[in-house]
Amino acid sequence: MKLLKVVTLLLLSLSLVVGCSAGNSGGNATTENTSTNTEAAPTEQAANNEKKIPITIAVKYWNGAKWAEDHPTIQYLNKKFNIDLKLQIINGGEYGEKFKVIAASGDLPDVYSIGGSDFLNWQSEGAFVDLMPLLPNYPNLNKAYPADHEAVKMLNPSDKIFGLTNISWIVRDTVQIRQDWLDNLGITLPTADEFTIDKFYEIAKAFATQDPDKNGVNGDTIGFTGSLPQIRNAFGIANEWMEKDGKLIPRQTQVEEYKAYLAFMKKAYDEGVLDRDFVLRKGNEVEDMMKGNKLGVFNYHNGYHLLQGDIKKNNPNLNPVVAPMAPPIGPKGDRGNNAYVNGLDKVVINAKADADKIDRILQIFDWWVTDEGTSVMKNGIEGIHYKKNAEGKYEVTDKWESGFPRFLNSSLFTRPGTDFIIFAWSTEEDIQRHNAYTELAKQYPWTNDAGGLEFYSNTYKDKWANLNTKFEEAVLQIIVGKQPIEYIEQASKDWMANGGEQIIKEINEAANK
Amino acid sequence: MSQSAIQSQSVGVKRIAAANARARYMKRAFPFYLMIFPGVLLFVIFRYLPMFGVFIAFKDYTPFRGVWKSEWIGFQNFVRLFSEQDFLLLLKNTLYLNLLDTFIGFPFPILLALLLNEVRIKYFKNTMQTILYAPHFLSWVVIVGITVLFMRSQDGGLNVLLDALGYARIDFMTNPDYFRPLWLFHNIWQGAGWGAIIYLAAIASIDPALYEAATVDGASRLRQIWHITLPSLKTIIVIMFILRLGSFIDVGFEHIFLLQNPLNLQVSDVFETYVYRIGLVQGDFSYSTAVGLFKSVVGLVMIVAANTIAKRLGEEGVY
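So the sequence lines, in the order shown, correspond to chains R and C. If you count the first sequence from 1, position 185 lands on 1175 in my numbering, and the numbers rise without skipping. If you count the second sequence from 1, position 73 lands on 74 in my numbering, and the numbers rise without skipping.
Heads up, some of the hints might be wrong.
As the list claims (entries may be wrong) - Derived pair list, reagent style DMTMM-like, types lysine to aspartate or glutamate, alpha-carbon separation capped at 25 angstroms: (1) C:K70 with R:D1452; (2) R:K1195 with C:E85; (3) R:K1195 with C:D164; (4) C:K70 with R:E1362; (5) R:K1453 with R:D1344; (6) R:K1257 with C:D164; (7) R:K1281 with C:D156; (8) C:K70 with R:D1120; (9) R:K1453 with C:E85; (10) R:K1472 with C:D178.
As the list claims (entries may be wrong) - Rough simulated footprint, nothing fancy, chain C against chain R, three-plus residues with beta-carbon under 8 angstroms: (11) 1090-1099; (12) 1391-1400.
To be verified - On the chain R side, residues computed to face chain C include the following (Cβ under 10 angstroms): (13) A1117; (14) D1120; (15) P1123; (16) R1266; (17) V1269; (18) L1270; (19) N1274; (20) N1283; (21) K1284; (22) E1463; (23) L1466; (24) K1472; (25) E1476; (26) Y1477; (27) E1491.
Quick caveat, the hints were computed from the structure, so don't treat them as lab data. Even glycine gets a Cβ: it sits at the ideal position worked out from N, Cα and C.
If we strip away everything but chain C, and leave its shape as in the complex, we get (with noise of 0.2 angstroms):
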């Protein structure tokens, strides 16, 4: 019996310095709790809440009914959109499309941030970094039109040129052999100097000593990058690298729909064209929302490969 109280007695102490210890935690978390709090609360209203809606992509939705009446129809959309004539030919030009962004577009801001980085003259760094970034905040829109402006057939200025030169007339906005390069420098040039910024921050947070040390050994600039800047990056790196897998299957709807015509159709039409024709045009949310929800499962999936082999390899994730 007298065991069996003092036991009691103990988990009864503990359980008062739990308490207690919680307590104190709280009152000294509860303010960062509280600033946290509309951060949470907008992520739950406007992430969370509307991903419910994704269930209209089961049932045959029809606005006069509601979301609610509108009838089940289990995956019959996902099955119209896998048995879908251009099912492949959507995938082929999404996957084509990232990986030439993945691979080529991707080492680009790293790039721009070592070069950048080795600049000497601050005055000319900080114009050089504007000017590269500058395009990051002009929209889609007037990036094509500009283009479209200089390189259309009959009188854009880069044709008009050729023409005068004595060359033929280049169809570079309809002829499908130009439509991925020129999207591909598009993003280039729109994305670079923008993306550069979080490598630039990184190179700064380096400690100059292991520079002034490899200077005393007598590397030399290049030795410097390769052995010192770029191990320095690698963590960053791999976790720009596996997020941007996770839009893996996305490639903008805006900037590929001006770029769009029917005559490049064949390389440029991708899952976000495909829907805004069928599904919003027509008024079939239920498609489109199948079609979302497809590609969502995608990106996760490409996401947690993606982080399962990064840390395999020994690096840290995103998670």
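The shape of chain R in the complex, shown without the other chains (with noise of 0.2 angstroms):
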């Protein structure tokens, strides 16, 4: 008896402290049922896939409803493909880490995205699928991902292809205007060959000094905050790296471009066209000034149409209009939006899976890039997440928001192209819209010339951030008057002295192999 209640004791103890360790393990039963979606999957697949094959899949999680283990999407999948889909869904600001641990309990996934410098790490330890001599025989993805393409080949050796990735913008983001606000100060909206860096000047003056939001206080809108990176590219100021004689070199090297460019902002900090807390705004507090009516001229996605909205709700009085510009011309005629690396995020298959599950999660691939996969990984299901009026048009559902359908194919991989925002449901103006957008856009590409190099370069990962701290700190101080503009003479030296100047060798190296 005495030993029974010792017993209970201890145990009791013991599950005090494993007891907060163990919340984790429930929830791995399959749901058999798969009623509800019968209408839209076709079958013929799945004659030819005899064997149920278990496929799992870490996927990062950003917004939006979180799937369940039963989603629509993927009974849909299961059955076509005759796979048991498993999805690892990993919080997106914690998936580089929480990654790490998992890879180092050896238990990964079947496919998951990794970043650049591990995609280049783990391929000499032969971790990934080698997609080359497969490619050939799933004709959609060999069309959508020629082995000679740029982004493809980014980052893989010569002879093989270690992932897929996601060739998406060019450039994204563009300087646009609040033109309501211009109307209101009886600024015409300038053409993109006036559109100045001096004319950028002039109406980021008047949004600070002026009422342009029309609430009768002068200045108390915002001319320009930082992130701006059209005003630095306006100078001339390389994107990381620019290719000059033959040779790369990176902007931290450019003395008389970056004098004339704090020159410019060191006035419109005097000024206060300048936002004076631009070096405190994080993360959405820049996005917060935009929707809350109090700053003009921005950096600014495709999006802005949505944006317009939110400033509406925000302020219902207001009909505000955003304009997209073309990039300010700067005093050489040097113009340009930042422009995207593609193909440095790989999409994986693990080398610990058999030929029959590389093959079957090739067809869905296979499969994904097509017009039919795309419709049912981003619209969702018809039926269930949209489904067609009485006048013939598609509309969709509750479940669209609450199903959240487009999850992987905005999170994990999606075909080549920018397409992944237009759904069967959106209006022929959207899709112009979009259109003329994307277009407007990508007509001035800063391309950054040593994209994904850096990867190749040690002394790069060791001293990059670090270096680069040191200089962005004397740029600022320089642009809020701390330093005179001649330090960044002493900062451009510094950074070359401390590793700089082994990084560009290291780069070029790795540039001329």
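Grab the two chains, each in its own frame, and use the hints to assemble them into the complex.
As structure tokens, then:
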């Protein structure tokens, strides 16, 4: 009896300690119920796939409703490809760290996305399936990802393809102006050719010192704040790296360009055109300023029509109009929007998968890049997430937001192009707006000529973050007047001396390989 | 022969007696051992076992190979840390902030406890105490958020007021000169009320007879504080001080990181924020661990040294 008491006590105390660490194992039961979506699931492919194969996919979660294990799209895929799909949903912000823990425990999923640095390191460990010999068997995939495409080749050895990648925006963001503010001040919207850096300054100054929001107070609006790379670009400063005389040089060495840029920024700061708190604005704060009707010139993406709605929501009396612009022209005629380096993030297949599993996974991707597959992966399943109305037009059902069918298409993999935000029910007007915007933005790409090469430089890996912090610190000190403009010479010299020179050497070596 | 027989017998008797005593002791003490068992287990699992993880400081840890298969690299990470261009700056900032906190921040809870102890109206005392320790429950995100809202240059309340009164705006958040006072003020505001609780408890246990005797002798309030309250608090003050020194190279990540911006970096960059920027963001776990280990060693040295000195001076110390 006594012994029993002791044992119980011991167990109780044990359970106290263990209890907190065992919270995450529940809920693995698969749901066999597939009766909800019989309507749209074709079965011809399932006939060839006799064996049911379990497939796990790790995917980043950013926003929207979280998928349940019996999400209609999962059921659809399970049925179509005769698989048992399991998602490991990891919060986007923690993905890098969490994934390293999963990797260390040796329990990697079959399909996952991975950033450039790890992608390069893990290649030599034999972590990924080489797709080079396999791709020709999957005609759609082969067409969407030609082996000689820059983004496909990126970070891969010349004779191997270790992962698929997202080939999407060339340029996504451009300078945008509140046209209704301009109207209030009686300034006409400049055309692409009239939009010089001086014009930009004139507009920003008017926004900062006058009363564009018509609330009766002069100067409670902000001209422009930080994070406008287009200004730097206008002065000819590289988007990190540029090619000059056959050699790659980093922006930190462009002292003369920086002097002109800093003179401009310093003047803007002194005259109150540049937000006095631009150093402090973090994360969503800039976007909050746009939505709060405080900021009139900004760097923004294709969703500007939604921004208009958000401004209107906060200020019902306004009719906000946001006009996407070409980037401003600098003193020497330079202008540009920062271009993306496509191909740095890869979607890979775990080398531990057997031939059948690899085939099944590639079948899915091969279908995914077709119109039919993409439609299912972004619009959802007809009859559940969207439907045809009486007029024969598509419209979303109430399951569209709660089901979040576009989750995998926007977070894991999407076919090349930018049409992932065009849906079956998008109006002709929307599509045209989207196309016009895409054309405008990519007309002035400002490319990073060494995109992807930095992963090959060890000095870059060890020292870049710190060197960059130091250099940016100097730039900011000059803008706020703590240091004279000539101080940039010193900052550039220090940057070179403390490792920059070595980085330039290694990057150029990597480029010539 | 007989002598040795007697000897062995007596040894046997002693043994039996000792075994009996142990059994009795175990029987009596067993429930207490059982009671501390969960606590010990907690320490072993969450404090001692993770310590083995520090050996990745001596490895070139890559997640794909895992902890065991990663390569040994010896002291390379430590060499990198000590030869870092900013090592001295980091050390200076860390020590500077800690000196401020220890020598200016540390006495505040004591002062507060003494003041609260002198308040005679119970209502007022309790209300004051609650108000004073409430900030302890606010997170740094909230505290710094409020500060930024009031003090930033463009539309911060304080600066708008300064501007309206015709004074020049002050860049509280970005001027490096304001960083240390602001940090210290936050620490005192947030921690003093909470820290005073332990001293108030100690004051409550002082024998009232001492005060009565002092009153009879005609000692004023200040005299009583100086000759009775403070000497009674000496031991606890010393212990708190030693414990404070143990975290001398720690400044806490969250608070500094939130107050930090590129313009005050030269006074606000400390080991924690540096590790975050260089180690975690770049995924260099080995290096981060090496920096952590270095800090722990310094902390240990500080505690042992402070404790030894305290004992030499005739105080009790923490162990």
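Results for each hint:
Restraint check for K70 (chain C) and D1452 (chain R): the C-alpha separation of about 22 angstroms stays at or below 25 angstroms, so the hint holds. A distance of roughly 43 angstroms separates the Cα atoms of K1195 (chain R) and E85 (chain C); the hinted pair therefore is violated under the 25 angstroms criterion. For the suggested pair K1195 (chain R) and D164 (chain C), the alpha carbons sit about 20 angstroms apart, so the restraint of at most 25 angstroms is met. Restraint check for K70 (chain C) and E1362 (chain R): not satisfied, since their Cα atoms lie roughly 45 angstroms apart, outside the 25 angstroms limit.
Distance check on the hinted pair: K1453 (chain R) and D1344 (chain R) sit about 40 angstroms apart at the alpha-carbon level, beyond 25 angstroms; violated. The straight-line distance between the Cα atoms of K1257 (chain R) and D164 (chain C) is roughly 21 angstroms, inside the 25 angstroms bound, and the hint therefore holds. A hinted pair counts as satisfied when its Cα atoms are at most 25 angstroms apart, and K1281 (chain R) with D156 (chain C) qualifies at roughly 17 angstroms. The suggested pairing of K70 (chain C) with D1120 (chain R) holds, with an alpha-carbon distance near 24 angstroms, which does not exceed 25 angstroms.
Distance hint between K1453 (chain R) and E85 (chain C) is fulfilled; the C-alpha atoms sit about 10 angstroms from each other, no more than 25 angstroms. Between K1472 (chain R) and D178 (chain C) the CA atoms are separated by roughly 12 angstroms; this keeps the pair inside 25 angstroms, and the hint holds. Counting residues of the region 1090-1099 of chain R whose CB falls under 8 angstroms from any CB of chain C gives 6; the rule of at least 3 is met. Only when three residues or more bring their CB closer than 8 angstroms to a CB of chain C does the claim for the region 1391-1400 of chain R stand; here the count is 0, and the claim is violated.
With its C-beta approaching chain C no nearer than about 6 angstroms, A1117 (chain R) sits inside the 10 angstroms limit, and its interface hint holds. Hint status for D1120 (chain R) relative to chain C: violated, with the closest Cβ pair at about 17 angstroms, above 10 angstroms. A cut of 10 angstroms between beta carbons decides the hint on P1123 (chain R): the least distance to chain C is about 23 angstroms, and the hint is violated. Restraint check, R1266 (chain R) versus chain C: the minimum CB separation of about 4 angstroms is within 10 angstroms; hint holds.
Against a cut-off of 10 angstroms between C-beta atoms, the interface hint on V1269 (chain R) holds, since the closest Cβ of chain C lies about 5 angstroms away. At about 6 angstroms, the closest approach between the beta carbon of L1270 (chain R) and any beta carbon in chain C falls short of 10 angstroms, and the interface hint on this residue holds. Because the beta carbon of N1274 (chain R) sits about 13 angstroms from the nearest beta carbon in chain C, more than 10 angstroms, this interface hint is broken. Of the supplied interface hints, the one on N1283 (chain R) is violated, with its beta-carbon coming no nearer than about 13 angstroms to a beta-carbon of chain C, more than 10 angstroms.
Against a cut-off of 10 angstroms between C-beta atoms, the interface hint on K1284 (chain R) holds, since the closest Cβ of chain C lies about 8 angstroms away. Annotation: E1463 (chain R) was flagged as interfacial toward chain C, and the flag holds, the nearest CB pair being 5 angstroms apart, inside 10 angstroms. Checking L1466 (chain R) against chain C: minimum C-beta separation of about 5 angstroms stays under 10 angstroms; hint holds. Annotation: interface hint on K1472 (chain R) holds; nearest CB of chain C at approximately 7 angstroms, less than 10 angstroms.
Checking E1476 (chain R) against chain C: minimum C-beta separation of about 19 angstroms lies over 10 angstroms; hint violated. Here the hint on Y1477 (chain R) is broken, as its CB sits about 14 angstroms from the closest CB of chain C, past 10 angstroms. At its closest, the beta carbon of E1491 (chain R) sits 14 angstroms from a beta carbon of chain C; the interface hint therefore is violated under the 10 angstroms criterion.
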